[in-house]
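Could you build the full structure based on these sequences and the hints that come with them?
These protein sequence lines are chains F and Y, in that order.
Numbered per our numbering, the first sequence spans residues 5 to 281.
Numbered per our numbering, the second sequence spans residues 564 to 774.
Treat the hints as calculated values from the structure; they're not laboratory data.
Here a beta-carbon is modelled for each residue, glycine too, at the ideal position from N, C-alpha and C.
Treat the hints loosely; a few may be bogus.
Among the chain Y residues that face chain F by a calculated CB cut under 10 Å, a handful are [to be verified]: (1) C649; (2) V650; (3) A679; (4) V683; (5) H685; (6) R710; (7) Y733; (8) G734; (9) E759; (10) I760; (11) R763.
Reference excerpt, derived from the structure (chain F facing chain Y, CB under 10 Å, subset only) [unchecked claim]: (12) H81; (13) G194; (14) V224.
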Amino acid sequence: MSVPASATPDTLAARVIPCLDVTAGRVVKGVNFVDLRDAGDPVELARFYDEEGADELVFLDITASSDARDIMVDVVHRVAEQVSIPFAVGGGMRSVEDARRMLHAGADKIAFNTAAVQRPDLLTECAAAVGSQSVVAAVDARRVGGQRVSGASETGDPTPKWELYIHGGRTPTGADAVAWCREVARRGAGEILLTSMDRDGTKQGFDLDLLRAVTDVVDVPVIASGGAGTADHLADGILQGHASAVLAASIFHFGELRIRDVKDHMAERGVTVRRVP
Amino acid sequence: MSEARRPTLAVLDYDAGNVRSAKRGFDAAGADAFVTADPAAAAEADGLVVPGVGHFGSCVASLRRSGLHALLEDWIAAERPVFGICVGMQLLYDGSDEGDEPGLGLLAGRVERFPAGAVVPHMGWDVLHAADGHDGDPLLTGVAGERVYYVHSYYAVPVDEEPVVGRTAYGGVDFPSLVRQSSVVGTQFHPEKSGEIGRRLLANWVATLAA
Chain F
5 MSVPASATPD TLAARVIPCL DVTAGRVVKG VNFVDLRDAG DPVELARFYD EEGADELVFL
65 DITASSDARD IMVDVVHRVA EQVSIPFAVG GGMRSVEDAR RMLHAGADKI AFNTAAVQRP
125 DLLTECAAAV GSQSVVAAVD ARRVGGQRVS GASETGDPTP KWELYIHGGR TPTGADAVAW
185 CREVARRGAG EILLTSMDRD GTKQGFDLDL LRAVTDVVDV PVIASGGAGT ADHLADGILQ
245 GHASAVLAAS IFHFGELRIR DVKDHMAERG VTVRRVP
Chain Y
564 MSEARRPTLA VLDYDAGNVR SAKRGFDAAG ADAFVTADPA AAAEADGLVV PGVGHFGSCV
624 ASLRRSGLHA LLEDWIAAER PVFGICVGMQ LLYDGSDEGD EPGLGLLAGR VERFPAGAVV
684 PHMGWDVLHA ADGHDGDPLL TGVAGERVYY VHSYYAVPVD EEPVVGRTAY GGVDFPSLVR
744 QSSVVGTQFH PEKSGEIGRR LLANWVATLA A
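Structure representation (structure tokens):
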């Protein structure tokens, strides 16, 4: 006999993921911790978040020159020597070779954005070459027509649409972002990093309609991104948006919220979280 | 009093895993690990580490091309220490729905995909429970009931429960997440990516090599 049919409820923890923007080997968007020797050092910050209980890390290389890529490989190498949790690298990834290089340097996952939209076969090829578990599709979406974005307790547009953007959210593609999410999952992306361009930087909370529109139609994990300003927002992304993970940057970097406290609050809201020893 | 010698471990580099993280993880757990693609070099170690991500069939094919497959068969037959991670654990079974290549067949059973309806891959931190009858297992000291990091779409369906030391529930199934058969141990999760809990598990295993 085999696996007992399980009546056990799933116990998988929702992941809390700090995102670090890196340029020329340094973390940008000010980081403000008194207890770090060098808060601009991605390696030191990664270690700090590991010890704080971050479940995973995302590094976004926001410079896209080839020189910067070499520097990023070095950063990845040094981070991998220092942290014991998984991390993804994104920003300017254009080929299977880019992915292999980062994975070989010690990254666990690679996030593709613009290059995958321009050539969707890249996702298929990369999933075949390194496995779906290492392929993240980063999707930037903006509401069509700028309709009101519903918050946790509001009712939004009954039939909202989102347009897919590339080039760091600067270039509209005309394509439907939710349809693109279905396609990336079909092509073998193991995870979707879904960013609301409307909410990014606003601290008004995730676009929960967008999250639901995607999580209802794909069966890969979705990371909610764009707009988190409070621990309640993070809990909403899981409980109402049905995301598997929540990503935030400035609220952690500026020390407004500590990961332990955020997880305590999420647990009070009924979210399953992981506590560090 | 001199410190006990750190066991040497060969992390098999066959283009199917994050070998750098595996090396770092075992080093932090008290071993002296090195990464190699050379069967002769690996054969000099006290133990073998088989990382594995991606496609089961591709992993088996890659092991054959590299000559590491025969080495693994020899070590398993000789009951020498082997530690398989993720697909490296699944390879211990007879085969998988993910590809036609046979597994190593140390453990009876097959590897199947999570049922439809579950979010797949099973990705993130989940609870490793002691399997029935394994509560006091030394591998699980400081580890049982804690969260470790998983990323996989397939899971093993064992014929024999005895080698199953730890289990985890996801997607409506309760699957083996820690297995042991004679000198061979496998984890469906990634201990090298599981923070302090993962380090403890690796240290528990490394301690058995030094003994």
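TODO: Compare the structure with the hints numbered earlier in the document and write down the numbers of the violated ones, lowest to highest.
DONE: The structure conflicts with no hint, since it agrees with every one listed earlier.
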